[in-house]
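Same order as they appear, the protein sequences are chains Z and H.
Under the numbering used here, residue 152 is the last one in the first sequence; the count climbs by one each step, no gaps.
Under the numbering used here, residue 355 is the last one in the second sequence; the count climbs by one each step, no gaps.
There may be inaccurate statements among the hints.
BS3-like mimics (lysine-lysine), calculated; alpha carbons at most 25 Å apart, straight line [stated by the list, open to error]:
1) K56/H with K105/H
2) K66/H with K76/Z
3) K91/H with K74/H
4) K66/H with K89/H
5) K105/H with K76/Z
6) K56/H with K89/H
7) K56/H with K66/H
8) K56/H with K73/H
9) K91/H with K76/Z
10) K105/H with K91/H
11) K76/Z with K73/H
12) K74/H with K51/H
13) K303/H with K292/H
14) K303/H with K289/H
15) K76/Z with K74/H
16) K76/Z with K89/H
17) K105/H with K89/H
18) K91/H with K56/H
Computed Cβ-Cβ distance ranges for the label pairs, DEER-style [stated by the list, open to error]:
19) D219/H with G48/Z: 39 to 47 Å
20) T117/Z with S207/H: 44 to 52 Å
21) D155/H with A122/Z: 21 to 29 Å
22) D83/Z with D155/H: 26 to 34 Å
Computed footprint of chain H on chain Z; a stretch qualifies when at least three of its residues, placed anywhere within it, have a C-beta under 8 Å from a C-beta of chain H [unchecked claim]:
23) 67-81
24) 91-104
Rather than coming from a laboratory, the hints here were simulated on the basis of the structure.
By construction, the Cβ of each residue, glycine as well, lies at the ideal position given by its N, Cα and C atoms.
So the chains spell out like this:
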Amino acid sequence: MITVQEVLTIVRVDAASLEAWIEAGWLVPRRDAAGWAFSEMDLARARLIFDLKHDFGLNDEGVAVALELLDQIYGLRRALRDVLSGVSAQPESTRRRIADDVRQRAASEQYADISSAPPYRDRFGGEES
Amino acid sequence: MASADPYKILEVKRDASQEDIRKAYRRLAKKLHPDLNPGNRDAEAKFKEVSAAYDLLSDPEKRARFDRGEIDASGAERPQHRYYRDFADAGAGASSEHFRRGPYASDAGFADFGDADDILSDLFGRAARSRRPRRGADVQYRLPIEFLEAVNGATKRVTLPDGSVLDVTIPPGTRDGQVLRLRGKGQPGREGAPPGDALVEIEVRPHPIFTRRDDDIHIDLPVSLVEAVTGARVPVPTPTGPVTMKLPKGANTGTVLRLKGKGVKRPDGSQGDEYVTLRVMLPESPDPELERFVANWSAGKAHNPRQRMEAG
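Same shape as in the complex, but just chain H:
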């Protein structure tokens, strides 16, 4: 040990800069610091070597004297002391629970394992009694809302299993499956730590006439033969109430018209559009006058809407 070369121990060249030496030390210390490597039994001895070498080479004056051969690497060791792992890792032999745990050990790495097995759960639950401050757990809820509440925004009052009441603000444009986080509405924290959050998963119920695709609203709109042929003004439902739309003359089944800005409000204030797909509808019961009129309509007889389906 006394004759070991500190440059070799740190794995640096003799002309390494102070910065290189510092980096080399940090790299080795990460692997060898006994508290950071509790399962590595050799770490302590190696770490002592490495830190002694570093103490010598990180001090430019000592390093220069060593390089000139005025001093050797002995006597540079740090005074021996007990590492944190000696206490934190004090093992199963210790008598009292407090001495074993100390105030520091955390069960956060396995607190969820207790759920896995009826027989074993209270073994892991034991650690949950520790008195460290700990943030409360998040709680999860599912909240079904109506289609228009999701599109336009709403406030929903929810009664929790413990009887308390929570007002949930649904922002306009909320999507099916979206999770709203309500800060501080979860389980209370322990020992003065903050409470957890409530995570509310939104389930949007379907609407009888509207469907949503991204931020656009789609709707099928039945129109009468007369409205379609003459290009009438017709009322159209939108999420914020009916508006009047002028049909183009001769509008057909399948024609899609766009109502700009009548879709879903986006967080940036802009809005999607509503797309209206027309369905031209004949009267519900046969009408003799219409039948006579159509029978005498010569151009109509020549019109073949299946032309493109027939083989060339």
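One chain only, chain Z, in its complex shape:
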């Protein structure tokens, strides 16, 4: 477990700010007898918050929105990955049926919704092309 002091040193943030991040629910460290106890994940998230504020110039409202959306993206990625691994475990004929069905849906959607589709759609967290 990582202490507050270590987080302050590694992330270059002051104690009041870190306290405010916890207060806002951006960070959810555990509490033990010695005070806050941060996991590796908490530390990485504190770094991300630091980047959002300093590298991206987001204010507190912006950080809150970004974190909410990121938490949704990671939740969605996990759900999608679970679904895909469930599909991968199926026999080949089933996988083909599912793939054909999904492909057809995507194609018919493009025709039905062509006005709203192109400018904003992105592959879900996809590779840069």
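Based on the hints, put chain H in the right spot on chain Z.
For chain H alone, kept in the frame of chain Z given last:
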């Protein structure tokens, strides 16, 4: 890497201002920050390059020394560390549910998908058990009210499916289909988060004599032959009770009279009007005296109300 040109990496000219450099960095970082681009595997290496270039050029002193050739771009890399995505995206291999989810991942992006399919619903429902604070869901109701309750305002007591009672204030001038939001009257929140709202869609029942068009009230008013010919004072229903109106002499079927301010109250305190369309009515049963009188009325025989319908 060591010999790469930080100006080229940031895609700026050598005489770019500090502000331009900052903007260029932010533009690239948005695309390349690994935590913001979890599906982009190349992002991490490129982001390291870009942030090293930025660390060098954003410091005017270091930048000047680099420009003079005193230092090169090596050694400027940030110390390596694990990104948030490495934890948040820890994948299906992880053993315990808690380690996989961490305290942060949210199911808000797909919590509604569970409704779509009987077989799959509890898969997505699993995530709903997460212990994050979450605002309660909004609940929707339909509330039928009487026409005059909508026009004049009212308080309606509603009994909810769970047996609790809700007092709904209908503001004057409420329209059919309007949705009233009752803050905090929805589902309770989880883990200390606030409750959702109740959304009450109002259905206004039609009225036997009044109709509403925008903020005006329209009504058909039957008047007798005598009242119409002599220009009598007649009682007229309005949403707030009857008023007396003087008919013009010789008022006819189809004549529209306006009662100013007798329409629907608007939120700004002003009011619409009531429009009264007259219907001149003969007595219900034939009257010998009227028949005699009309038969002897010579000017009446010459009057042809269909004149304009006849071809030229």
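Hints, verified against the model:
For the proposed pair K56/H and K105/H, the alpha carbon gap of about 17 Å is at most 25 Å, so the pair holds. Between K66/H and K76/Z, the direct Cα distance comes to roughly 14 Å. Compliance with the 25 Å bound is thereby established for this hinted pair. A distance of roughly 13 Å separates the Cα atoms of K91/H and K74/H; the hinted pair therefore holds under the 25 Å criterion. A distance of roughly 17 Å separates the Cα atoms of K66/H and K89/H; the hinted pair therefore holds under the 25 Å criterion.
Straight-line distance between C-alpha atoms of K105/H and K76/Z comes to about 23 Å, which keeps the hinted pair within the 25 Å bound. Taking the CA atoms of K56/H and K89/H, the gap is near 19 Å; set against the 25 Å cutoff, the hint holds. Restraint check for K56/H and K66/H: satisfied, since their Cα atoms lie roughly 13 Å apart, inside the 25 Å limit. Between the alpha carbons of K56/H and K73/H the distance comes to roughly 20 Å, so the proposed pair stays at or under 25 Å and holds.
A C-alpha spacing of about 18 Å is found between K91/H and K76/Z, which places the hinted pair at or below 25 Å, so the restraint holds. With a CA separation close to 18 Å, the supplied pair K105/H and K91/H stays within the 25 Å bound. A threshold of 25 Å between alpha carbons decides the hint, and for K76/Z with K73/H the separation of about 13 Å falls inside it, so the pair holds. Between K74/H and K51/H the alpha-carbon distance is near 17 Å, which keeps this suggested pair within the 25 Å criterion.
For the hint pairing K303/H with K292/H, the CA-to-CA distance comes to about 20 Å; that is within 25 Å, so the pair holds. Annotation: proposed proximity of K303/H to K289/H holds, straight-line Cα distance about 14 Å (limit 25 Å). For the hint pairing K76/Z with K74/H, the CA-to-CA distance comes to about 16 Å; that is within 25 Å, so the pair holds. Restraint check for K76/Z and K89/H: satisfied, since their Cα atoms lie roughly 21 Å apart, inside the 25 Å limit.
Taking the CA atoms of K105/H and K89/H, the gap is about 21 Å. The hint holds against a cut of 25 Å. Simply put, K91/H and K56/H have alpha-carbon atoms about 20 Å apart, close enough for the 25 Å limit, and the pair holds. At roughly 41 Å, the beta carbons of D219/H and G48/Z sit within the given window of 39 to 47 Å. For the pair T117/Z and S207/H, the beta carbons lie near 47 Å from each other, so the given range of 44 to 52 Å is met.
For D155/H and A122/Z, the Cβ-Cβ distance of about 25 Å falls inside the hinted range of 21 to 29 Å, so the restraint holds. Roughly 29 Å separates the CB atoms of D83/Z and D155/H, a value that falls within the hinted 26 to 34 Å. Coverage of the stretch 67-81 of chain Z by chain H holds [criterion: at least 3 residues with CB-CB distance below 8 Å; count 8]. Beta-carbon proximity to chain H at under 8 Å applies to 12 residues in the stretch 91-104 of chain Z; the threshold of 3 is reached and the given coverage holds.
No hint from the list above goes unmet by this structure.
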